[in-house]
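2 protein chains.
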Amino acid sequence: MTVTEQVLATASASFETDITRWLNWLRIPSVSAQPQHNADCIAAADFAARELAAMGFTVEILPTPGQPVVLAHHAGSNPSAPHLLYYGHYDVQPAEPFELWTAPPFEPQIVEGPHGPRVVARGAVDDKGQVATWLAAFRAWFDTTGSMPVQITVLLEGEEEIGSPNLEPFIVAHRARLGADIAVISDTNQWDIDTPALTTSVRGMVYMEVHLKAASRDLHSGMYGGSALNPINALTAALGQLHDAAGRVRINGFYDGVADVSDAQKAAWQALGFSEHDFLGEIGLTTPAGESDRTALERLWVRPTADINGIWGGYQGAGSKTVIAAEAGAKISFRLVPGQSPSHIIAGFKHFMDSHVPPDAKLSYVEHACAPGLEIDTNNRFVTAARSALEAEFGRKPAMIGCGGSIPVVEGFRRVLGIDSLMMGFGLGDDKPHSPDEKFEIACFRHGVNSHIRFLSDLLDIK
Amino acid sequence: MTVTEQVLATASASFETDITRWLNWLRIPSVSAQPQHNADCIAAADFAARELAAMGFTVEILPTPGQPVVLAHHAGSNPSAPHLLYYGHYDVQPAEPFELWTAPPFEPQIVEGPHGPRVVARGAVDDKGQVATWLAAFRAWFDTTGSMPVQITVLLEGEEEIGSPNLEPFIVAHRARLGADIAVISDTNQWDIDTPALTTSVRGMVYMEVHLKAASRDLHSGMYGGSALNPINALTAALGQLHDAAGRVRINGFYDGVADVSDAQKAAWQALGFSEHDFLGEIGLTTPAGESDRTALERLWVRPTADINGIWGGYQGAGSKTVIAAEAGAKISFRLVPGQSPSHIIAGFKHFMDSHVPPDAKLSYVEHACAPGLEIDTNNRFVTAARSALEAEFGRKPAMIGCGGSIPVVEGFRRVLGIDSLMMGFGLGDDKPHSPDEKFEIACFRHGVNSHIRFLSDLLDIK
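Protein sequence lines correspond, in order, to chains A and B. Numbering-wise, the working numbering puts 147 at position 147 of the first sequence, and it's gapless, one number per residue. Numbering-wise, the working numbering puts 13 at position 13 of the second sequence, and it's gapless, one number per residue.
No wet-lab data here; the hints were simulated from the structure. Hints are supplied without guarantee of correctness; some may be wrong.
No distinction is drawn between identical chains; accordingly, a pair holds when it is met within one copy or between any pair of copies.
Computed cross-link-like contacts, SDA-like style, restricted to lysine to any residue with a CA-CA straight-line distance of at most 20 Å [unchecked claim]:
| id | residue 1 | residue 2 |
| --- | --- | --- |
| 1 | Lys-362 | Ala-347 |
| 2 | Lys-350 | Glu-16 |
| 3 | Lys-362 | Gly-284 |
| 4 | Lys-213 | Ala-318 |
| 5 | Lys-362 | His-277 |
| 6 | Lys-213 | Leu-100 |
| 7 | Lys-213 | Pro-436 |
| 8 | Lys-213 | Gly-284 |
| 9 | Lys-213 | His-277 |
| 10 | Lys-266 | Gly-412 |
| 11 | Lys-213 | Pro-97 |
Whole structure, please, built from the sequences with the hints as guidance.
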């Protein structure tokens, strides 16, 4: 029995315990967007810190102006092995609307599905469940060998779901301790239940909140309608112009720097056999929105978007109220692709709004996130080791895919630390992160644990 | 001392008691739009019923599918006198947002203002305060003469603020008992603190709620953005098209039947010296919204409008959430003028929405109100008596004005009962009905009580 086989056997034997640990972590409602959950965020950080300490890591919980960062280090048993920086986040999205959950979002349930049992809870997959795969892999190595096979630094933040406002200063301040050879991140998907994937591009994000104020108070629409500016009328008139008839975003300069996809890349994606009909059918839709002249995977992975994530104003209660509200607001996010400048997009959006509202509309803005999109270099030993590990675990070669989501830290690691990120994740397309009944397949969890074990082993073989 | 002088003296002596009664009525939060206030609506109806019974009225509280109607009758001391139908409503608008009130909205405060003391509370003017003026006038007649000078029927409803959904069937069912010579309504304004007014036209209203559903659940904008329909994007894109650049409503056929104002009418309104600059300046605005090619009073009184009164969708909490919501909604009201058909407007709005949303947008509608606008005949003895009463009370001739608001019952009385309405109200333009810190001037209240006393007396003089 090789060491790798011994570690895999250890993981298999402690699988139930690993799931129990994961569920206990999910019970902590570490919602970073909501101040009432501050103490829960701290508790979730502490939970992870204790786990790492129990595996021989030197662990610190370091404060930031927001939620704390868990920073842990293990020298490993092999001084010549590479140094890996494992990144994840212990915070989760708000669970609202609660009434759409089958069970309370912070009381994880194990439910039988078409792929066997799955865990349903807020954070089940994003990102506690995925982080738990590599924590379990570390534990199996530790329980088998008493050490880690390579040098490992762990960076767990608690503000990913609000755009990581304090992470970059943290990385800059702790640059010396984060100087790894590569970052490893599990916050992405497999291609499907049977096929693993490595993600080689991520979209960036600009997330803006806009407030439009008009009169100094709410008004009676009978008394003022037709004369006083209605801020909801004005806000919808402006935001309603964000897209043209072909689905393109109408902000000046929005597509500056956006490259077309190569024919080779298009062919590789074509070979994946992605069915947009099924993808949309699963959520009750029939017709793609967005840019009508692009292929489905282009739109999802390498084209920028503009989505209004929230809007509010006036009377939202039962029945009717003939009010002209004093203000209205909205939250708008832009998914960005490599080449787009986030600051350019922010300036363009503000200019767009300013030029689409009438006199007396007073606009103000809050920036919630600002990170560019990027592509990853796939020609290095880490990607090679990961491909090999995934193929060994799944019995299939991994798909090399793009990601429509944003993992801003990937860009930060490259710019500040000069390292790339290996995005090896085990989610599925129907996991519903950010939605009610978020889940993670236990089969995927098990593949994740084993893939991380094998990946570390493959790195040693390379040496 | 004439009888009229005696009644005025009685009213003056009991003025403080009348104000106390009015404040007690305001303490009942009879918000018809909110089911949690059902019992309060019943309590407010009961309050008025007891007052009327104490003045010798035969009173019934009659159930409807919604809030009950108070129906009261007094034969009066003079069989040859006319029969008046006093209409008012005991329900009030929702008081939200509570935090913008200086004091709790259902704990009325007497506050000193530029015109002397005023009462601040939800319903202070709309319509409990105005109804309280004629209740006090009745009480003064009753306390002085032991009867009413004319035959009086009182109809107090509890659903005016939600569009009177059950009033018309009630009027139809009780047509025989409501067969008066004219209706009297106090739910409008004076011209200013020193100048009384009679209102001779009202706008009608169509109030629609629209829901737009897309995917079967909330989605992650990174995973689905660019492919799945975003219902907030779609709703704002459609509603954002409601007005053209000149402020005209873009619904097909919206202006069908809308007549232009005569030059004589324009001249009469011009003579009122209305300052739109001051009107908007008082609420912090500088520039008229709405149709740019109309005069201010035209836009306020005799031009139709479209206002979004509420909008909602997606994440409205603190921070950011990268969600594509499953649905979004809005409440939209249209103020209508004589000649417009409400059913035509409803059909036009639905057609407009249907033709402005993409595939997969599932639209559904709720109708909250549907009443046409209309003009009142001013050539009759009731208007003559009211003009005379107001001039005697204020020392100035009343202004004959339009009303931007909607009093749907006026149209119902005309169509079902064949009678016109005398709209003699005592509000001021800055009373803020429907807004935080709604108020009614005590000076206006006193003028209202006395004007109603004089009006009844003038009717007798006419006989």
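(request) Any hints from earlier that this structure breaks? Give me their numbers in increasing order, please. (result) Of the numbered hints given earlier, those the structure breaks are 2 and 10, listed in rising order.
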